Amino acid sequence: MSTDIAGALQKLTPFVGTWHTTGTVVATSAAYRATDIYEWLPSGHFLVHRWDAQMPDGRSQGIEIIGPDAPDGADGSDDAARGHYTMQSFDSTGKADTMRAIVDGKQVAFDGNGVRFRGAFNGNGTEMAGTWSLRAEGSSQDWEPWMTVVLRRSN
Numbered sequence: 016m017s018t019d020i021a022g023a024l025q026k027l028t029p030f031v032g033t034w035h036t037t038g039t040v041v042a043t044s045a046a047y048r049a050t051d052i053y054e055w056l057p058s059g060h061f062l063v064h065r066w067d068a069q070m071p072d073g074r075s076q077g078i079e080i081i082g083p084d085a086p087d088g089a090d091g092s093d094d095a096a097r098g099h100y101t102m103q104s105f106d107s108t109g110k111a112d113t114m115r116a117i118v119d120g121k122q123v124a125f126d127g128n129g130v131r132f133r134g135a136f137n138g139n140g141t142e143m144a145g146t147w148s149l150r151a152e153g154s155s156q157d158w159e160p161w162m163t164v165v166l167r168r169s170n
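So the number in the numbering used here is just where the residue sits in the sequence shown, counting from 1, plus 15.
Watch out, some of these pointers could steer you wrong.
Derived DEER-like restraints, expressed as beta-carbon distance ranges [stated by the list, open to error]:
| hint | residue 1 | residue 2 | range |
| --- | --- | --- | --- |
| 1 | 67 | 127 | 25 to 31 Å |
| 2 | 126 | 63 | 28 to 34 Å |
| 3 | 28 | 127 | 39 to 45 Å |
| 4 | 32 | 149 | 24 to 30 Å |
| 5 | 76 | 120 | 29 to 35 Å |
| 6 | 153 | 33 | 28 to 34 Å |
| 7 | 129 | 25 | 16 to 22 Å |
| 8 | 155 | 35 | 33 to 39 Å |
| 9 | 112 | 43 | 32 to 38 Å |
| 10 | 42 | 76 | 30 to 36 Å |
| 11 | 111 | 138 | 21 to 27 Å |
No lab work stands behind these hints, which were simulated from the structure alone.
Since this is a predicted model, take the numbers as computed values, not measurements.
Here a beta-carbon is modelled for each residue, glycine too, at the ideal position from N, C-alpha and C.
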C-alpha cells in the first residue's frame, strides 16, 4: 500500500484487506460464498477490489476500481472529501457496471442502475454486513431485498 494515499480517499481504508464473504439469495434461500480483496493502487489514488465468488448459478470473478466522483476541483466540489466515490466494475461474463458509493463513518451505500447496497462495518472493522436490493418491477422508488451479505476480515 502506498503511504501517499490521497487524503479524502482515506475514508475507504476500512475496506482494505482480504475478506471471506458469505450470503444468501433472499428469494431462494440459496447460499453463496466469496473472497473479496481490496488494495490500494500503488499511487494511492484508487482502491482496487477483486472478487472470486461461488454463486448459486456459478462462479463470478471480477475487478472493480473505486475513486472519487470528481477529481478535486474538477467541478468545483470535492466529492471524495464528502465520502462520495465512483465504482467501475468488470466481471468474468464481460459485464461492466458503474455505481456510486457513499461512505459515512461506518455506514456504506452503493447505488447502481436498478441495484443498491446498504450496510455497515461493525465497531472494530472486522465485519461488514448488509443487504443488496433490486428496484421493484414497475417502480421507480420501491426496492426488494435481493441478497444478504456478511464480509469477515481474514487478515
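Quick rundown of the hints versus the structure:
1. At roughly 21 Å, the beta-carbon separation of residue 67 and residue 127 lies outside the given 25 to 31 Å, and the hint is violated.
2. Checked against the hint of 28 to 34 Å, the C-beta distance between residue 126 and residue 63 comes to roughly 20 Å, which is inconsistent with it.
3. Between residue 28 and residue 127 the C-beta distance comes to about 23 Å, which lies outside the given range of 39 to 45 Å.
4. A hinted range of 24 to 30 Å for the beta carbons of residue 32 and residue 149 is consistent with their spacing of about 28 Å.
5. At about 31 Å, the beta-carbon gap between residue 76 and residue 120 stays in the expected band of 29 to 35 Å.
6. A C-beta distance of roughly 40 Å is found between residue 153 and residue 33, which places it outside the suggested range of 28 to 34 Å.
7. Look at residue 129 against residue 25: about 31 Å separates their beta carbons, and that is not inside 16 to 22 Å.
8. Look at residue 155 against residue 35: about 36 Å separates their beta carbons, and that is inside 33 to 39 Å.
9. Checked against the hint of 32 to 38 Å, the C-beta distance between residue 112 and residue 43 comes to roughly 22 Å, which is inconsistent with it.
10. Between residue 42 and residue 76 the CB atoms are about 23 Å apart, so this pair departs from the stated range of 30 to 36 Å.
11. Between residue 111 and residue 138 the beta carbon distance is about 35 Å. The supplied range of 21 to 27 Å is therefore violated.
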